[in-house]
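*Asks:* The lines below spell out each chain.
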Amino acid sequence: MNPVNYLYLAALLFTIGATGVLIRRNAIVVFMCVELMLNACNLAFVAFSRMHGNLDGQIIAFFTMVVAAAEVVVGLAIIVSLFRTRHSASVDDASLMKL
Amino acid sequence: MENLIAPLIAAPLLGAAVLLVGGRRLDRAGHWIGVVLSFVSFALGLVLFADLLGKGAGHRTLTQHLFSWIPVAGFQADVTFRLDQLSMTFVLLITGVGSLIHLYSVGYMAHDERRRRFFGYLNLFLAAMLLLVLADNYLLLYVGWEGVGLASYLLIGFWQHKPSAATAAKKAFLVNRVGDMGLSIAIMLMFTTFGSFAFGPVLGTHEEPGLVGDASEGRLTAIALMLLLAACGKSAQVPLQSWLGDAMEGPTPVSALIHAATMVTAGVYLIVRSGAIFNAAPDAQLAVTVVGAVTLLFGAIVGCAKDDIKKALAGSTMSQIGYMVLAAGLGPIGYVFAIMHLVTHGFFKAGLFLGAGSVMHGMNDEVDMRRYGGLRKYMPVTFITFGLGYLAIIGFPGLSGFFSKDKIIEAAFAKGGTEGWILGGAALLGAAITAFYMTRVMLMTFFGEERWRDAPTPSPAEPSVEPAAETGGEHTEPHPHESPKVMTIPMIVLAVGSVFGGAFFSIGDRFLNWLEPVTGHDHGDAPLSAGVITGATMVCLVVGVAIAWAQYGRKPVPAVAPRGSLLTRAARRDLLQDDFNHVVLVRGGEHLTRSLVYLDHSLVDGVVNGTAAGFGGLSGRLRRLQNGFARSYAVSMFGGAALLVAATLLMRAV
Amino acid sequence: MSAHTLAAYTTSTGEAFQFWVLGTVAVIGALCTVFMKKAVHSALCLAGTMIVLAVFYLANGAYFLGIVQIVVYTGAIMMLFLFVVMLVGVTAADSLKETIKGQRWLALLCGIGFGVLLLAGIGNASLKEFNGTGRANANGNVEGLASLIFTKYVFAFEITGALLITAAVGAMVLTHRERTERAKTQRELSEQRVREGTYIPPLPAPGVYARHNAVDIAGLLPDGTPSELTVNKTLRARGQIRDVSTEALGELRALEQRAEERLERRAIEPETFKRPEEASK
Amino acid sequence: MSFPLLTATAALPALGAVATAAVPAAQRTAAKWLALLVSLATLALAVTVLVRFDPDGERYQLTENHAWIRDFGVRYELGVDGIAVALVALTALLIPFIILAGWHDADPLETGSRRWRPTQGFFALILAVEAMVVISFEATDVFVFYIFFEAMLIPMYFLIGGFGDRAHAHGEETAATQRSYAAVKFLLYNLAGGLIMLAAVIGLYVVAGSFSLSEIADARANGTLHMATSTERWLFLGFFFAFAVKAPLWPLHTWLPNAMQEATAPVAVLITAVVDKVGTFAMLRFCLQLFPEASKWATPVVLVLAVISIIYGALLAVGQRDIKRLVAYASISHFGFIIMGVFAMTSQGQSGATLYMVNHGISTAALMLVAGFLISRRGSRLIADYGGVQKVAPVLAGTFLIGGLATLSLPGLAPFVSEFLVLVGTFTRYPVIGIIATFGIVLAALYTLVLYQRTMTGPVKPEVSAMPDLRAREVLVVAPLIVLLIFLGVYPKPVTNIVDPAVKQTLSDVHKKDPRPEVEAAK
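Same order as they appear, the protein sequences are chains A, B, C and D. According to the numbering used here, the stretch in the first sequence is residues 5 to 103, in order. According to the numbering used here, the stretch in the second sequence is residues 430 to 1083, in order. According to the numbering used here, the stretch in the third sequence is residues 2 to 282, in order. According to the numbering used here, the stretch in the fourth sequence is residues 634 to 1156, in order.
These are computed hints drawn from the structure, not numbers from a lab. Hints are not guaranteed to be accurate.
[To be verified] Result set (DSSO-like, lysine-lysine): computed pairs, CA atoms no more than 27 Å apart in a straight line:
1. D:K1146 <-> D:K1126
2. D:K1094 <-> B:K591
3. C:K102 <-> C:K39
4. B:K591 <-> D:K1126
5. D:K1145 <-> D:K929
6. B:K806 <-> B:K914
Here the structure is a predicted model, which is why all the values come from computation and not from measurement.
The whole structure should be built from the sequences, with the hints applied where relevant.
*Replies:* Here it is, written out as structure tokens:
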């Protein structure tokens, strides 16, 4: 099997995640989809590191995870406070800046 | 001596300035200032005349250069005056008749609270008219030309509170403007052709010819025709004659001075002055004669039909000027006689108008001749002077009109060829008609039974012109009375002039010898002898008078105008030519402007506003995209990303 | 499988098998993540996908990452998600039906387009050379990473630490609600209740007047209608209330009829008092 | 170096504007007097310029030249030729009258209407406009000219939009909306022109590598700077468009009637008599000097447009019901004459055009200001609302008539000289166009006399029966203008003497000579 398939898989997952971001209204699910996209990227990085035979790709993936963790923490906090104030976790309700 | 020319103009100009700027404090003495100043310039004129007579025939030309007016590169217009026999003649006529009419106006306008202003305008007119005849180049003449137009505008519309007067004034100015257009184009043509428009260089003098000789005939014809157009405007010749009738809205002295004696003859002056050009352009000359002949008959016919005494006289003025223009069109044969008739006409027509004014003065400003009748025993002086003027104008042997008009008819025949016969015939016919309508006026006014006794009110058909009629509906039984001295004296003087003027000029060809150096003269070969022509004229005269007597002397005149034949009705309406103007020019113009205003708003402006509206709408649409939903923004982002990927791939591919 | 075999251009059939099986699972999981109605289910599907990915990491010789993926992601982050879902999600059971016009179609269009493009890109990318992580992992994957992190990427690493701290603090700041006014006393609360006309007495226990005394069955009011008050709020939100009141009502009506027939008197109109939940609404 | 006279002429009103604006709101009258004094002082300076200027001397005199933006070679370069001097003098002359005429235009309404801006602003803005106009007449650096040519719009915008007629036919609200419409229209039109010009200015810099008028002109003259024909034409069009909007030339004229209709009479005078002159002046100075060949190439089209403007403007003036609109369209017709004179490429035409700019300034000022006095008395701009004014207010009527006669260019009044020069100048080279333009004379008489007849003559309307005659202040405004009109009509030599050498220069720039009279040509 050609390991390029990993890349195809990554692309597929990324696209799915992106579509999810666009069509889901629930902020938490949207977040999950973002995570999915990140993971897809990580997969791609790992596959690349295997192709090039050095570990830099994995390093990047590692950093991605860390950043993702931080992002999730903050993001979820935001969702929670948003929910507290507006009693809804729908991204469509967060449209105060619309004219 | 030539330094007196400027004061000649300055005097009345000063008067105008003082009277118009002076304000109410001059109301009491104002009119006398005007009179005095006009007499001053008359006196100056006499002095200069004496001076000219002192000189030899060849050197009777004075020029006074004041200052350079418009000096631009090749275009040099100076303020220079030129006094030769021709202008001298006019100066005397203008100042002389003018002064008399000033005097007359003192009495005539006695009851008008704006008399000061009236005299201011009169003085302004004198100044402008003098400038016109004394100018040394066409541009300066143009100034005077428009100046008299302005004065006439102000004076016709003197009783501004009457819409009819205001309209008449406007009409006069506008029609004149058309003529002025001709004059200015003529000047431009001269400048492009000769590089100058001063009399000296262009026309030359009788010893050395001017630049005219060098120009092509076509160009000269063009210039001449443009000058003719100008003359038509100012002298109320067909096709620009329509304003003169309405101009009678003005006070009668104005009609006498401006619209009979002086201003309306300016056209003749222009043609005679530009003789050199016309001589070199025979086609143009023919046009001039045709215009003259047509107007001569036109005016006469109109004169026959009018019941308003002033309008009848206006018609006659038109036709008399027709005579002059006809003569002027004949070239050197006729110039002198044109001017001579102009002068005599100045006398008797002014006299007639003053007489008419005096009649109206005594008749509660009634102008409808059908409400006159049998006035001879109530106002004898007026009757006599008016009668003398009447005899003069119909060319009663021995009176001035006889000499001048007879000469013109001779000259017309003398032109030779068929056109000579046609023109001469027209002139003869005109003489007959003149005799008819003048007799008609005479009879209706001074003879017959007194139709004013049972006159209830001024007939609405012919609204009376004078201000007293403004005092609304109540009409007092008129009790005719003679006018005061201040009015009768000028009439008498003018009557004298109209009796002896012609004889004085013609005997020994005084006038001919006087003018000849300027205008040049040659005796055409008349197909008929002078005697025959004179006889024919006499016959026409008798016929005309007889018909008039048959119609208005024997039969009583109906107090209300009968319906009359088609021609009569047409003639009452100035031969429908006003209606033509109204339908074609006025209506058409209104529609044109209205549609243009609409176009300007909807089309030219619409494009602009349309663009603005378009942008507004577009931005409104674009605004919809910002719907405030984070996800739709995300979609666009994602789409953008997709596009970027596509772009990169494409770049890689190629 | 050893590091040397990985160096080969083609991989072992074992890995191929594993890829195809687990890959399918991963894709399905991802799709479920997107299309599941309830947030909890999405979370679980995502967790599944992530575990699969962890396996793939291992297969690609990224042992450390594989473990971290399991521990950190599925272990920590996904659990965090679940907590938040518990905090929030109960009421946030959102329908999948779209509210923004054309959003879904646009999204799908973009998604498909993007995916196709990516795949095409990878397809015609020249990825012929393929040297495995054998040499890189010669002396242990973790050691390899460590030597890189603490040499080449040390600054980035340090900064990451700062980032994490900041994130933690930020999260606290965001979520921690500062109490501005003193807590209300019992009395004040009761007074407030009275003033607002909410349900004043303590809530009734579930199962009262009911056939069962289960938690998810609403108790019945004297007129036989079920009183939602008796059921836990969360269950109510989830709509997990079993309703047995219909037959109970039927029986009640029958009983009343019999009573009327015997006593010849008109039925007492059940006096309807103001429903607390109505008042609270 | 000597005292920077030209800078002073522009700087004085600018400072005056600041000072006037700074006067505390309480002292209205003080602000008015300050503005008046400043404008008079400026007039004095302008007169000194006029005296110091030597018609037969250098082309550009009293020059000042300092580096400004070195990177773009922009220099603060001032200098006046005969044409500029005349126009600077005109501007400086008119402003005091405008201020005096607008003495009460910016007083707060008794009816506490908030739309009325404070007096200080009004007069400050007028002075600001004066400063900018003056400096754009003096600038010999294209960039400097462009800056002030555009900056002028800002104060004008506020003057038009902020101050309308006190009493408006229908309601303060509609008045305000119409005002703002007019102001925005004015701004957009001129900005559009300005932007195109900006492009051309940049293009010119790219081609010529300098903004200095004299430098470029010399380079063109001695062939060191050669422009491709197409380039020159495009640049010419860029400049010309802006000036044609400003002038305005048909069909870019529609902003003028709105602006003049809505603005107060003094501001209307400011627009048509002062600001618009910059456009025609700039055609003469920049289009012809920088792009002689292109100018000649465009001449036929421009002349046709000019003639259309003449006839079209006059016809529309005849059709107007609103006094100010009528004057506006009359002005469009007159601008047609000016542009025709400029592009006739004859010394008569161009001298006439320059003279026309001056005379038109004075005559329009006279007519429009009197019209303003009239309107302020009756509180309506509609001709139909008047009638028989002559009876109750003879002096007003008289001055109005004289203003009208000047507008129809009666011989003896100043405009006649210039108009006739323009006509002759055009006729010598383009007879047909000259003749068509002559019809404008008749139409001018038509609209002027119709206006006079409808408003001043006829029976007195009850509304105007109590109308007061001109007050001392108003007479003080009108009388000098009328005197000037008569004087320049009888003795225009002072102006022509100054203008002629400059015109000769311009003609030599475009390599044109006056056509010789046919008689000589024949010999």
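*Asks:* Take the hints in turn and mark each one as holding or not.
*Replies:* These are the hints, each one checked on the structure:
Annotation: proposed proximity of K1146 (chain D) to K1126 (chain D) holds, straight-line Cα distance about 22 Å (limit 27 Å). A hinted pair counts as satisfied when its Cα atoms are at most 27 Å apart, and K1094 (chain D) with K591 (chain B) qualifies at roughly 13 Å. Of the supplied pair hints, the one linking K102 (chain C) and K39 (chain C) holds, its CA atoms being roughly 23 Å apart against a limit of 27 Å. Between the alpha carbons of K591 (chain B) and K1126 (chain D) the distance comes to roughly 42 Å, so the proposed pair goes past 27 Å and is violated.
Restraint check: the Cα-Cα separation between K1145 (chain D) and K929 (chain D) comes to about 9 Å, which is no more than 27 Å; the hinted pair holds. Between K806 (chain B) and K914 (chain B) the alpha-carbon distance is near 17 Å, which keeps this suggested pair within the 27 Å criterion.
Going down the numbered hints, you'll see the structure goes against just number 4.
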